[in-house]
Amino acid sequence: MRFGLRRQLLAIGLVTLALPIASALYLRETEQALRSAQAGFLNDLARGLAPLVPEVDALSPPGRADEALYAHPLSVTPTLDGFSTDWRLRVAPVPAAVGGDQLRVLVGERDGTLWLAAEARHTVSDAPRFDVACGDNLGGLVLTTIAPVAPGAVLPATTATGFAGRIRGDWQPTADGSRLELRLPSGLCHNRLGLSVRAGGLGARTYRDSIPGALIRIDAGLRDALATNALPGIETFAIDQFGHRITPVIGTRSGGTEAPRKGFAQRLIASLMGGDADAGSAVFEAQAHRPVARALDGALAGNTVAARYSAPGGGLLLVDARPFGGGALVLVQDAEAILTLANPSLQRLTTAIIVTTPAVVLLLLAYASWLSWRVRRLARHASRAVDARGQIQDVPPDTAAGDEIGDLARDMRQMLRRTAEQQRWLASMADTLSHELRTPLAIVQSSLDNLEQGALDADQRRLTGRAADGVLRLRAILNAVSNASRAEQAARTAETAPVALAPLIAQLRDAYAATFPSHAFELRSDAAPTVVGTAELIVQALDKLIENAVRFAPEGTTIDLWLETQDAQAVVQVRNLGPALPQGDPARLFDSFVSTGGTGSTHLGFGLYIARLIVEAHGGSAAAADWREDAESGVVVTLRLPLAAS
Amino acid sequence: MADAQHVAIVEDDAALGANYREALARQGYGVSLYVDRASARDGMAHTPPDLVIIDVNLGTDIEGGFELCRELRAQSAVLPIMFLTARDSEFDAVSGLRLGADDYLSKDVSLEHLMARVAALFRRQAALAGGGAERRFTRGALAVDEDRFTVTWQEQPVELTLTEYWLVHALARHPGHVKSRQQLMDAANTVLDDNTITSHVKRIRRKFLGIDAAFDAIETVYGMGYRWRAH
Numbered sequence: 001m002r003f004g005l006r007r008q009l010l011a012i013g014l015v016t017l018a019l020p021i022a023s024a025l026y027l028r029e030t031e032q033a034l035r036s037a038q039a040g041f042l043n044d045l046a047r048g049l050a051p052l053v054p055e056v057d058a059l060s061p062p063g064r065a066d067e068a069l070y071a072h073p074l075s076v077t078p079t080l081d082g083f084s085t086d087w088r089l090r091v092a093p094v095p096a097a098v099g100g101d102q103l104r105v106l107v108g109e110r111d112g113t114l115w116l117a118a119e120a121r122h123t124v125s126d127a128p129r130f131d132v133a134c135g136d137n138l139g140g141l142v143l144t145t146i147a148p149v150a151p152g153a154v155l156p157a158t159t160a161t162g163f164a165g166r167i168r169g170d171w172q173p174t175a176d177g178s179r180l181e182l183r184l185p186s187g188l189c190h191n192r193l194g195l196s197v198r199a200g201g202l203g204a205r206t207y208r209d210s211i212p213g214a215l216i217r218i219d220a221g222l223r224d225a226l227a228t229n230a231l232p233g234i235e236t237f238a239i240d241q242f243g244h245r246i247t248p249v250i251g252t253r254s255g256g257t258e259a260p261r262k263g264f265a266q267r268l269i270a271s272l273m274g275g276d277a278d279a280g281s282a283v284f285e286a287q288a289h290r291p292v293a294r295a296l297d298g299a300l301a302g303n304t305v306a307a308r309y310s311a312p313g314g315g316l317l318l319v320d321a322r323p324f325g326g327g328a329l330v331l332v333q334d335a336e337a338i339l340t341l342a343n344p345s346l347q348r349l350t351t352a353i354i355v356t357t358p359a360v361v362l363l364l365l366a367y368a369s370w371l372s373w374r375v376r377r378l379a380r381h382a383s384r385a386v387d388a389r390g391q392i393q394d395v396p397p398d399t400a401a402g403d404e405i406g407d408l409a410r411d412m413r414q415m416l417r418r419t420a421e422q423q424r425w426l427a428s429m430a431d432t433l434s435h436e437l438r439t440p441l442a443i444v445q446s447s448l449d450n451l452e453q454g455a456l457d458a459d460q461r462r463l464t465g466r467a468a469d470g471v472l473r474l475r476a477i478l479n480a481v482s483n484a485s486r487a488e489q490a491a492r493t494a495e496t497a498p499v500a501l502a503p504l505i506a507q508l509r510d511a512y513a514a515t516f517p518s519h520a521f522e523l524r525s526d527a528a529p530t531v532v533g534t535a536e537l538i539v540q541a542l543d544k545l546i547e548n549a550v551r552f553a554p555e556g557t558t559i560d561l562w563l564e565t566q567d568a569q570a571v572v573q574v575r576n577l578g579p580a581l582p583q584g585d586p587a588r589l590f591d592s593f594v595s596t597g598g599t600g601s602t603h604l605g606f607g608l609y610i611a612r613l614i615v616e617a618h619g620g621s622a623a624a625a626d627w628r629e630d631a632e633s634g635v636v637v638t639l640r641l642p643l644a645a646s
Numbered sequence: 001m002a003d004a005q006h007v008a009i010v011e012d013d014a015a016l017g018a019n020y021r022e023a024l025a026r027q028g029y030g031v032s033l034y035v036d037r038a039s040a041r042d043g044m045a046h047t048p049p050d051l052v053i054i055d056v057n058l059g060t061d062i063e064g065g066f067e068l069c070r071e072l073r074a075q076s077a078v079l080p081i082m083f084l085t086a087r088d089s090e091f092d093a094v095s096g097l098r099l100g101a102d103d104y105l106s107k108d109v110s111l112e113h114l115m116a117r118v119a120a121l122f123r124r125q126a127a128l129a130g131g132g133a134e135r136r137f138t139r140g141a142l143a144v145d146e147d148r149f150t151v152t153w154q155e156q157p158v159e160l161t162l163t164e165y166w167l168v169h170a171l172a173r174h175p176g177h178v179k180s181r182q183q184l185m186d187a188a189n190t191v192l193d194d195n196t197i198t199s200h201v202k203r204i205r206r207k208f209l210g211i212d213a214a215f216d217a218i219e220t221v222y223g224m225g226y227r228w229r230a231h
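Sequence order for the protein chains is A and B.
Heads up, the first sequence is in our numbering, so the first residue is 1 and it goes up one at a time.
Heads up, the second sequence is in our numbering, so the first residue is 1 and it goes up one at a time.
Just so you know, the hints here were simulated from the structure itself, not pulled from any lab data.
Glycine included, each C-beta is placed from N, C-alpha and C at the ideal position.
Among these hints, one or two may not hold up.
Partial list, derived from the structure: chain B residues whose beta carbon lies under 10 Å from chain A [as the list claims (entries may be wrong)]: (1) A15; (2) N19; (3) A23; (4) T85; (5) F91; (6) K107; (7) V109; (8) H169; (9) A170; (10) K202; (11) I218; (12) G223; (13) M224.
Quick list of simulated restraints, FRET-style, between CB atoms [to be verified]: (14) B/R26 <-> A/D469: 40 to 50 Å; (15) B/G28 <-> A/L472: 26 to 36 Å; (16) B/R26 <-> A/G556: 43 to 53 Å; (17) B/L209 <-> A/A644: 34 to 44 Å; (18) B/Q154 <-> A/R462: 52 to 62 Å; (19) B/T152 <-> A/R424: 15 to 25 Å; (20) B/E63 <-> A/R424: 19 to 29 Å; (21) A/L463 <-> B/A15: 48 to 58 Å.
Assemble the whole structure, with the sequences as input and the hints as a guide.
Here's what the structure looks like:
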């Protein structure tokens, strides 16, 4: 593929794309640096905070995660009515480890009192029996058993020694079972709590073996330690080894949580950075009792992790989580959406680059197209102006363009015009010359004629005879020249009519055979083309071809005349045996004054020139070529004439 | 001939004029040689010629010959006028003949041919003036008067120049025989190139067609020449 002007300028235009690419890379790097600086700042805070917090465990009692019960801190004191709806928690009761949805449990804690809500599914006619078990790492025991008999307040049926009276409950049947709400002093349970229910064939429990599952509660020591070292604008909390938050969220974020405007530039940069947040659209819920985030999983696995999350309600969070006392310490800070764009002038610059670069590329492309269109038009004009033989056919139109291409066009136009004038002068010169020579030639001839009328001796007659021969030859030359210009004139002005070539050429073959008995003429015609033109002129063109062929073909050989139809053109070929064409462009054979020599009398090479003039006046073309077949070789001249529209 | 017939030559080239004069004088004609239009006009007023040979191009008077021809034809409808010129274009020939010239010759013509022409024009002149034996032949609708160098078609005269007459004469003399271009040139006492023969024939056809739209007696035999169609 040609690397044209348009492509070149497009390539140069594409270079300007380096600017936005470089800008994008710079922005990306800046953004990364800013983000890691922010992360580093939070990391420093976290690292500074960790030693200030007393060396405590952030561990909940060991056990299975699905057996653990989380004691949600309650913000109000509930009414003991069998329903947990007044606990003001936004969490659902947890299905039991054994029996699943048949028993769902929710645990709350406020001011040294544990609240327990249970929903059991069972046949309404069956009377349920709830066992509340407590324990520590060494073992557990059933603290109390509740077997309600009627809706409303219930008292423990049996209670381990010393606890009676400190446990209160309320039981309510429901459409598919019953609910139990229970209140007991926190001190009754150490760090394990379990609940089981039996009703008819039903048996569900929150723990599998004899030891109840872990009771996870806010670690007061840790909470106080964190609260003491609260950092402004930063939320701090700790999680246990299961990921349960075991301190309240200490501190508040600065709170700039308005949803960021997202302009074109922001969106572009955000996508360059692979999104605002590191974890896609995941929302980090610090207030959840068990915040879910990959960063926390990482910290529990022993790594310090900083990551960006979407904040609940919009905005971004930077979360730093690090291993701490078996669990993890988590710091949360507000983060700017696109740090780089916090700088308004940088933002404007970015927008300007993003907007102007494609505009510049488009402009360059358009300019290049225009430029190359002009150059191509100039080239088209130039190639149309000169035909295959170098004749100026058509001088391109003038241009008003004031630039270098306009200058070039004007120069080319002037050059072509001058060359055309020169060509016209050259063409007319032969004619003028032959014309001007006629009178002196007539003087010489008439003088010789007069001389011959007088009394001459033999020597004088011999000399005047030679002079007369010279005059004859000179006249033949002049006639050839004027014949050519006459043929041109005739071809231009002749009346045209449809000419059937096949009968014409058949007639000509016979005429040639009679005229040139030295050669045989063979006609091969497999078409009957009709062209529009002047029969006399076409015959004249063929005469010239035959004269030429006869001149070069050895005596006794056959000259072939072929007629056929090809591509809406009648093709006439005259083929003779004989010497090959001279070196050089075969098309030049059809120029005037070009003769390949050969034998015979005065020959100026006007024959093929006239033939060409005639076929070109008919809208056709002439060509000559060598041919070779087996041991024979020679020249074939081809005339092509457009077929008459049928 | 009792009085020597007088030929006026208007030729700006002195040497050529002198040669023509010598040749004509040798034939027994009285000859006046003029080099431009003014002297020709004056001279001819004094010595009226029987035949005029005019060069079209008279020195700086580029088309002086044409102008002179027009003037002479205005004075006399029968005076034989012949153009002898180096201007051999089709257009010039037509212009000259339209002005009433009887013949239009190129300077290529040999003195021998020229003398034949002059003699022929005088013969025609004499025949037209009356008298002389009637030498004529007919070919169908064509009648050729060999004395007056005139031709009729369907009994209507066809206005032919001398050259055209000789071409028709040569063709019609032997109907059905193909006359090559060379033969036609010889018959017309002239040297013409192929294109000139072609345009002569074309002009002849047109003149006959002007009388008879169905005229097709002159047949082109491609590659060979022409023939008079034998009916």
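Here's how the hints hold up against the structure:
1. A15: holds (5 Å)
2. N19: holds (4 Å)
3. A23: At about 6 Å, which falls below the 10 Å cut-off, the nearest Cβ of chain A leaves the hint on B/A23 intact, so it holds.
4. T85: holds (9 Å)
5. F91: holds (9 Å)
6. K107: holds (4 Å)
7. V109: Because about 8 Å separates B/V109 from the closest Cβ in chain A, which is inside the 10 Å limit, the hint holds.
8. H169: violated (22 Å)
9. A170: At about 19 Å, which exceeds the 10 Å cut-off, the nearest Cβ of chain A leaves the hint on B/A170 violated.
10. K202: holds (8 Å)
11. I218: violated (13 Å)
12. G223: Given a least distance of 3 Å, the restraint on B/G223 holds.
13. M224: holds (4 Å)
14. B/R26 <-> A/D469: 40 to 50 Å: violated (23 Å)
15. B/G28 <-> A/L472: 26 to 36 Å: holds (28 Å)
16. B/R26 <-> A/G556: 43 to 53 Å: Once the Cβ atoms are compared, 49 Å apart, the range 43 to 53 Å for A/G556 and B/R26 holds.
17. B/L209 <-> A/A644: 34 to 44 Å: violated (24 Å)
18. B/Q154 <-> A/R462: 52 to 62 Å: Between B/Q154 and A/R462, where Cβ atoms are some 54 Å apart, the hint holds.
19. B/T152 <-> A/R424: 15 to 25 Å: About 47 Å separates the Cβ atoms of B/T152 and A/R424, which means 15 to 25 Å is violated.
20. B/E63 <-> A/R424: 19 to 29 Å: holds (23 Å)
21. A/L463 <-> B/A15: 48 to 58 Å: violated (20 Å)
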